[in-house]
Every structure is written in structure tokens, then in C-alpha cells.
Amino acid sequence: MRIARVIGTTVSTIKDENLTGRKLLILRPTDETGKVNGKPYVAVDTLDAGVGDLVLTAHGSGGRQTNQTKNSPVDAVIMAVIDWLEVAGEEVYRQS
Amino acid sequence: MRIARVIGTTVSTIKDENLTGRKLLILRPTDETGKVNGKPYVAVDTLDAGVGDLVLTAHGSGGRQTNQTKNSPVDAVIMAVIDWLEVAGEEVYRQS
Amino acid sequence: MRIARVIGTTVSTIKDENLTGRKLLILRPTDETGKVNGKPYVAVDTLDAGVGDLVLTAHGSGGRQTNQTKNSPVDAVIMAVIDWLEVAGEEVYRQS
Amino acid sequence: MRIARVIGTTVSTIKDENLTGRKLLILRPTDETGKVNGKPYVAVDTLDAGVGDLVLTAHGSGGRQTNQTKNSPVDAVIMAVIDWLEVAGEEVYRQS
Amino acid sequence: MRIARVIGTTVSTIKDENLTGRKLLILRPTDETGKVNGKPYVAVDTLDAGVGDLVLTAHGSGGRQTNQTKNSPVDAVIMAVIDWLEVAGEEVYRQS
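Protein sequences appear in the order of chains A, B, C, D and E.
Per the working numbering, the first sequence starts with residue 108, numbered consecutively.
Per the working numbering, the second sequence starts with residue 108, numbered consecutively.
Per the working numbering, the third sequence starts with residue 108, numbered consecutively.
Per the working numbering, the fourth sequence starts with residue 108, numbered consecutively.
Per the working numbering, the fifth sequence starts with residue 108, numbered consecutively.
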């Protein structure tokens, strides 16, 4: 899974029928402290995450192992909102 | 999913039999504002997208979760045409 | 899918039993005009492609969605030989 | 599989229901001697690995081939803790 | 598939039960002439390959399409030992 920050949203009228009602958020990967450092991608949100949240995303077929994403043409899902991150015994991120 | 812009088309006479009638478009990934920044790839179009459109593509087995692509030797599909993108509360792209 | 050029062949005596009789070609990815620009990889050829051909390859489980590759330990297949490529309304490649 | 070092832990209250009770660790890839050299990612731990351990992780659908991860929205699992690594006949890493 | 050279071995006592008896080798990707040029990774060996051999590896679910790897948490397998490589009509590698 990747650690990533939610930075925005996408809106589409023309889309695959299985995506009706799905929330597709824009994310950017972060390092292990929550600092953004990679290129943007889009994942389905099933946890009501919001812009600014630090989350984990599962990719590939892993992105379809939820009731909301199974059998849909998607390849990434937000599967956890991060409360805190600890590295080498130190808290390096806490949700504010 | 990746945000990408449709830049062109491919034409093939010799191809897998399951690809007969499929439209294979050339895309380039973009950043979160729709600006092209990555290497080209090819995806099946099931939404009648056109050159210049900003779209979302699903990759891997996710690319085969549509009626037109299931059981075909493909690994990417256009599953949404983007109307607009919003980042940090600002509209950063709108389909013209 | 990737746009790639066939640059060579591999020969193996010791291999998985499901690969007997399979042609494994060496390819390099190209840009959207057919110019080689990436690292080499190997794909199964089911279309009788030859060295010099510009082709499309499907990756991951997509590489096993053909009669010749299903249930085999492979992750890439040539699924189309490119006749021509068009970018922004201009023909940028044509098979010679 | 990747060789990686466990560097930390993640804690999430809001997560997919199939992740309840799962330990999600932060890792960084290493070279063939155990020296960290890549970007962090997160994997499910089913082997009671700890911070500092050098491990192997399986990715994609391979990450769900364990009793603890099957049918869950995850894409990486720790499937071995490394005792030692040998390169070109020399021991280059041993668990201390 | 990737062209890669076997550079070493891994030894693990604590591992997933489906990996008992499996040989996990360290490899590095090479260019199309067998010259090492990429980062190390680990694959299951089902062909009795040895350090120094040039091989092909299949990744993702392709790595589990063998009797020894099916249903195991692995994502890469050595599926061919390379005898020779030919690029543009020239032999560029031969097993010594």
C-alpha cells in the first residue's frame, strides 16, 4: 500500500456504469512522515475521506476487494485513514 | 487510476481476435491540472473519447472489468471522461 | 498497453513446461512515434511478429488472455502489430 | 519480491472492515545487502516482524495469498523474515 | 518478462507456510546483452538455476502459474534459463 494525501476531487459525467455514485479522489504519495513527494493518481474513496487526509491506498486487483469496487474498472481504493505514523519509535505524523 | 490526455490513435490489422472492433487510443499521463508530464501508453476506449479529452484510465486486471474488454489481452481502459478537477478547493481544470 | 519495437529473440532449453514452443521476443518501449526510449523486456509472440516490427504489448494477467499464454508463467504478450500511429491528426508512424 | 526493512507502524481507526486486527507496517526497500535505498510503502505483517527486521514482501495479488489477507483490499504482505543473504558466495547480511 | 542475472540467495526460517522448501534467489535486471543495470529483487526458482545464470522472470500473478508457486504469497518466478540472446541478427549473449 502507499501512504498518500488526498489533494482533490474529479467529476465525470461520462463514465463506466459501475462507477455511478463512486467518489474518485486525487491523491499524491508521501514519504513516511506524510510529506508529499510523488505524482498524482486517483483512487475510489469508500471511507468518506476528505481533502487533506493522509490515507493508505491499495492498488491493482487489491483495489477491487471492497463491496463498492468489486467488478468495477478501477485499480486503486482508499482502505484506511491514518491516525498516526511511528518510525523508529518516534511519532512522525498525527492526524490533526 | 491515472489522469491522462488522449493524444492519438493506433491502427492494427494483425491483432488478437478479441480486439476486433476495439478502439485503441494513445494517451499521456498528466499532473493534477491536466498538464501532460509522462510517457505515452495505449488504452481501450469504451466511452467514445476523442483526441484532446482528459480522462481516467484503469490499469492491470482493472482494465478488463468492462463488457468490451473482459477476457481480452489488454491491460488498460478509459473508464471516465473528466468534466472538471478540483484541488484544494480550487477548480484547476474544466473540460472546454 | 505499451508501444514497443521488437529488437531480438531469446532461446532457452531449460524452461517451464508450459512454454514449450512459445516464441519469446525482446522488445524496447518507444515513444508515440515509434522511437525507442526505454529498457528492454520480453514478451510472448502469438502473432508471428518479427524483429523491427512496432507492436503493442499487454502486461500482467492481460498477457495470459490468449489461447497460447493462458495458465503459463508469463506476464506480457504481443497482442497487435501496429500499421500506423496518428497523433494530433498527423500520421507519425507507418509500417514500412 | 522485494527485500525491505521494517521502519515503522501505521495506526488507523477508520479502515476497511477486513483490515480489523491487521498489522500494517511501514517498510523501505533495500539493496542486496540490506541497505535502505527506496521509497517507503506499507505491507500487512502476518509473521510478527518488528521494526529493524529485514524481510521479503510479495506484491499485487500475491499479497493476498495468506489466510490473513485473502479477500482484503491490500496489495503487499511480509512473507519471510530474512536470516541471511549471500551474494556471489559471500555472506552480505546476517540477522543480528 | 525481465531478463535478469542470478546474483545470490536468501535464507529465512520465519516465513509463510507455503514457502517451505522453496528456493528464493536474488536477481538483478540486465539489458538485452545480459549486462546488469537495475535494482535487485527476489524470485522463486523452480528450474534449479544457479548464481551467475541469465534467466527470465515472470512477475505478478504470472509468478504463480507453476505447480510450485500456485496459491503462495509470491510475485515472481524464474521461468526460463537463457541459452542465448540475439539482437538485430547478432548473437549478443551465449551461456558459457
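Read the hints as simulated data drawn from the structure, not as lab findings.
For clarity, every value in this text was computed on a predicted model and none was experimentally measured.
Some hints could be false.
Where chains are identical, the list cannot tell them apart; a pair therefore holds if satisfied intra-copy or between any two copies.
Derived lysine-lysine pairs resembling DSS-like cross-links, with alpha carbons at most 25 Å apart [stated by the list, open to error]: (1) 142 <-> 177; (2) 142 <-> 130; (3) 130 <-> 177.
For each hint, the structure was consulted:
Taking the closest pair of Cα atoms, residue 142 and residue 177 never come within 25 Å of each other, the shortest separation being 31 Å inside a single copy and 31 Å across copies. Taking CA atoms no more than 25 Å apart as the test, residue 142 paired with residue 130 passes in both settings, with 24 Å inside one copy and 22 Å between copies. In this assembly of identical chains, the alpha carbons of residue 130 and residue 177 lie at most 25 Å apart whether taken from the same copy (14 Å) or from different copies (24 Å).
Hint 1 from the earlier list is the only one contradicted by this structure; the remaining hints agree with it.
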